[in-house]
Amino acid sequence: MTDTNSSNKTGGSNNSAYWSTNLRIIIVSLIIWAFVSFGCGILLRPLLADIKVGGTDLGFWFAQQGSILVFLCLIFFYAWRMNKLDKEHGVDE
Amino acid sequence: MDQYTLNLLFVGASFALYIGIAVWARAGTTAEFYAAGRGVHPITNGMATAADWMSAASFISMAGLIAFGGYINSSFLMGWTGGYVLLALLLAPYLRKFGKFTVPEFIGDRFYSPTARIIAVVCLIVASITYVIGQMTGVGVAFSRFLEVNNTVGLMIGAGVVFFYAVLGGMKGVTYTQVAQYCVLITAYTIPAIFISLQLTGNPIPALGLFGDHVESGQSLLTRLDQLVTELGFREYTAQDTTPSSVLNMVLFTFSLMIGTAGLPHVIIRFFTVPKVSDARWSAGWALVFIALLYLTAPAVGAMARLNIIDTIYPNGTAEKSLAYEARPDWMKNWEVTGLLKFKDKNGDGLIQMYNDKSKSFAETAESRGWKGSELVVNRDILVLANPEIANLPGWVIALVAAGGLAAALSTAAGLLLAISSAVSHDLIKGSINPNISEKGELLAARLSMAVAIVVATYLGLNPPGFAAQTVALAFGLAAASIFPALMMGIFSKRVNNRGAVAGMLTGLIFTLVYIFLHKGWFFVPGTASYPDTIAGSLFGIKSTAIGAIGAILNFAAAYLVSSVTEDTPDEIKELVESVRIPRGASTATDH
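Going down the list, the sequences are from chains P and W.
The opening position of the first sequence corresponds to residue 1 in the working numbering, with each subsequent residue numbered one higher.
The opening position of the second sequence corresponds to residue 94 in the working numbering, with each subsequent residue numbered one higher.
Just chain P, same shape as in the assembly:
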């Protein structure tokens, strides 16, 4: 692991800015993650009961399909955003 320490010494403040941006992106992503699954799929389902989707309600759709589709978007968004952030902070490989 000795070779990896050199990158830390070059930019401690840069690295901490990189890390706090990363944490912000993670937190926002996880809020969306929890909102579609635990929120729309389970806890908020009674509130969404009036929105009809294909013979049932929106909450059922979120529980069986919607949340999976949002999860997919989240992971690809995160990969794209972080790879961009890596380059902005010069920490890409």
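Honestly, I wouldn't trust all of these hints.
As the list claims (entries may be wrong) - Partial selection, computed: residues in chain P whose CB lies under 10 Å from chain W: (1) Phe38; (2) Pro46; (3) Ile51; (4) Gly54; (5) Thr56; (6) Gln64; (7) Phe76.
What the hints assert, rightly or not - Computed Cβ-Cβ distance ranges for the label pairs, DEER-style: (8) W:Asp664 <-> P:Ile25: 26 to 32 Å; (9) W:Pro297 <-> P:Ser16: 48 to 54 Å; (10) P:Cys73 <-> W:Glu665: 36 to 42 Å; (11) W:Leu599 <-> P:Ile25: 30 to 36 Å; (12) P:Ile31 <-> W:Lys437: 50 to 56 Å.
As the list claims (entries may be wrong) - Here chain W is said to cover these stretches of chain P; the calculated rule only asks that three of the stretch's residues, wherever they fall, bring their Cβ under 8 Å from a Cβ of chain W: (13) 24-36; (14) 77-90.
By construction, these hints were calculated from the structure, which means they are not laboratory data.
All residues carry an ideal CB built from backbone N, CA and C; glycine is no exception.
Following the hints, position chain W against chain P.
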């Protein structure tokens, strides 16, 4: 060509393919054996991860669970996919950057504690072995049903094939075989679903058909299904039980499955095989794409199969005369032989009735019709395998499903065996017993421990302990309560030290184990449970399958508490955490 020859042909051809790949992808070094030389393309790795992850449970059992449980079992869909978000955001890129071979190795290094490493090894082995038993029994069932050989011979053939490509090829062989297995299993899963969706809804995409219209009745498919199941005394298929305790259990169960998924070592080690940190991020996305292809189809398969079964038994509507036992279709006869489908003519009218005989409000209707209890018992696990027969699909589709079920079970078994063997050879032998072992010696140790693991798994598959089904909760509980929190704190906190990590892991582990044992019996011995495993009867009003989430929270709490009153982490550990967080330098990180 008869069905037996077709089955033999499809299964034989798929096995020949796996063995061919194994010969081509032999592993020569430990890096190739543990991490496929870190040269796997992210999309390839995504596909292999999907096959690794989707076990006999996903392929065979999940649609059946949804078919008979309806909305409440959406937990499996959200839980087993939502875990990938956690993997992609919280674990995979950093563990890839760390650049070592096993999960316990990270825990041992980050928390500078051999004890933590050993606890992780124990959790890993227990979780993986319990998981592997399920795969092996699945292989036995598929063989005995489709190839008409007895269970023992079937299991031996399956174990022999896994032995060949996993021991020979290690992670490299397993990766490329898993890619082939993914292709087999996804084709096998979607083709019958497409046929059935076309028959019922006219829509070739099952996921859209689920929310489409039922051709025969003109109603929405789900409305139709809700109506039919309520006519038979069941709760509506799409209905939610909104009592707070039920909602709480669904949330905790879903959450346990999510963090359990993210903490399962055989999934995590797949992300060690890609060349770069950015590849690990993409790869998690691709893995979920390939998983979603099956998981978006599964609820459609479940709902449509439920509808087909009701229509088969009540061809003229639920209030009219039901199907005569003598006139039952061939698939019922075939599955009766296996004992997974049972009929008992309780009212002696020679007709099959299947309804909710536990519903009090429906009892009166049932009595007025002369029904004396539900007469057909269908094991949930046969649903996907019997699906093509239920829908009268051609013989080659049935053969394809047989090959797909085997692919799902074998690919997961190989991934688990690899996780076990690397934990034994790398963490136990090289890590503590003999640190000076040569590369060649370690490779031999890895192969030998894999061989032993296969023998143990085969033995347990042949003589499945009575508790095989319950242990799935154990595998997820352990991964959720011990491994996931330790990995996450190792990356996101510099403050959690060796004592904190050990205290946290032990707290999560012991709490979860004891809670499961209190509800399922000590070491799953029947009759030793202190509480019934129901929402109302359980100790904290939480079923034992959902307790992993609470175990994880206790793990975090204990780790932070103990760390805050003990000494700070050394500087070199802070530097290690810093370096794990920054992608640059991953390609040069090595195994030592």
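So, going through the hints one by one against the coordinates:
1. Checking Phe38 (chain P) against chain W: minimum C-beta separation of about 6 Å stays under 10 Å; hint holds.
2. A least Cβ separation of about 6 Å between Pro46 (chain P) and chain W falls short of the 10 Å threshold, and the interface hint therefore holds.
3. Contact between Ile51 (chain P) and chain W, as hinted, is not supported at the beta carbon level, the nearest pair being about 13 Å apart and thus beyond 10 Å.
4. Given the 10 Å rule on beta carbons, the hint for Gly54 (chain P) holds: about 3 Å separates it from the nearest Cβ of chain W.
5. Satisfaction of the interface hint for Thr56 (chain P) is found here, the shortest Cβ-Cβ separation to chain W being roughly 4 Å, below the 10 Å cut-off.
6. Here the hint on Gln64 (chain P) is kept, as its CB sits about 4 Å from the closest CB of chain W, short of 10 Å.
7. Below 10 Å, beta-carbon pairs count as interface contacts, and Phe76 (chain P) has one with chain W at about 5 Å; its hint therefore holds.
8. Our hint of 26 to 32 Å for Asp664 (chain W) and Ile25 (chain P) holds, since their Cβ atoms are close to 28 Å apart.
9. As the Cβ distance of Pro297 (chain W) to Ser16 (chain P) is approximately 52 Å, the hint placing it in 48 to 54 Å holds.
10. In this structure the hint that Cys73 (chain P) and Glu665 (chain W) lie 36 to 42 Å apart at CB holds, the actual value being about 39 Å.
11. For the pair Leu599 (chain W) and Ile25 (chain P), the beta carbons lie near 33 Å from each other, so the given range of 30 to 36 Å is met.
12. A C-beta distance of roughly 52 Å is found between Ile31 (chain P) and Lys437 (chain W), which places it inside the suggested range of 50 to 56 Å.
13. A count of 4 residues in the region 24-36 of chain P with a Cβ less than 8 Å from any Cβ of chain W is obtained; the coverage claim is therefore met, three being the minimum.
14. Counting residues of the region 77-90 of chain P whose CB falls under 8 Å from any CB of chain W gives 6; the rule of at least 3 is met.
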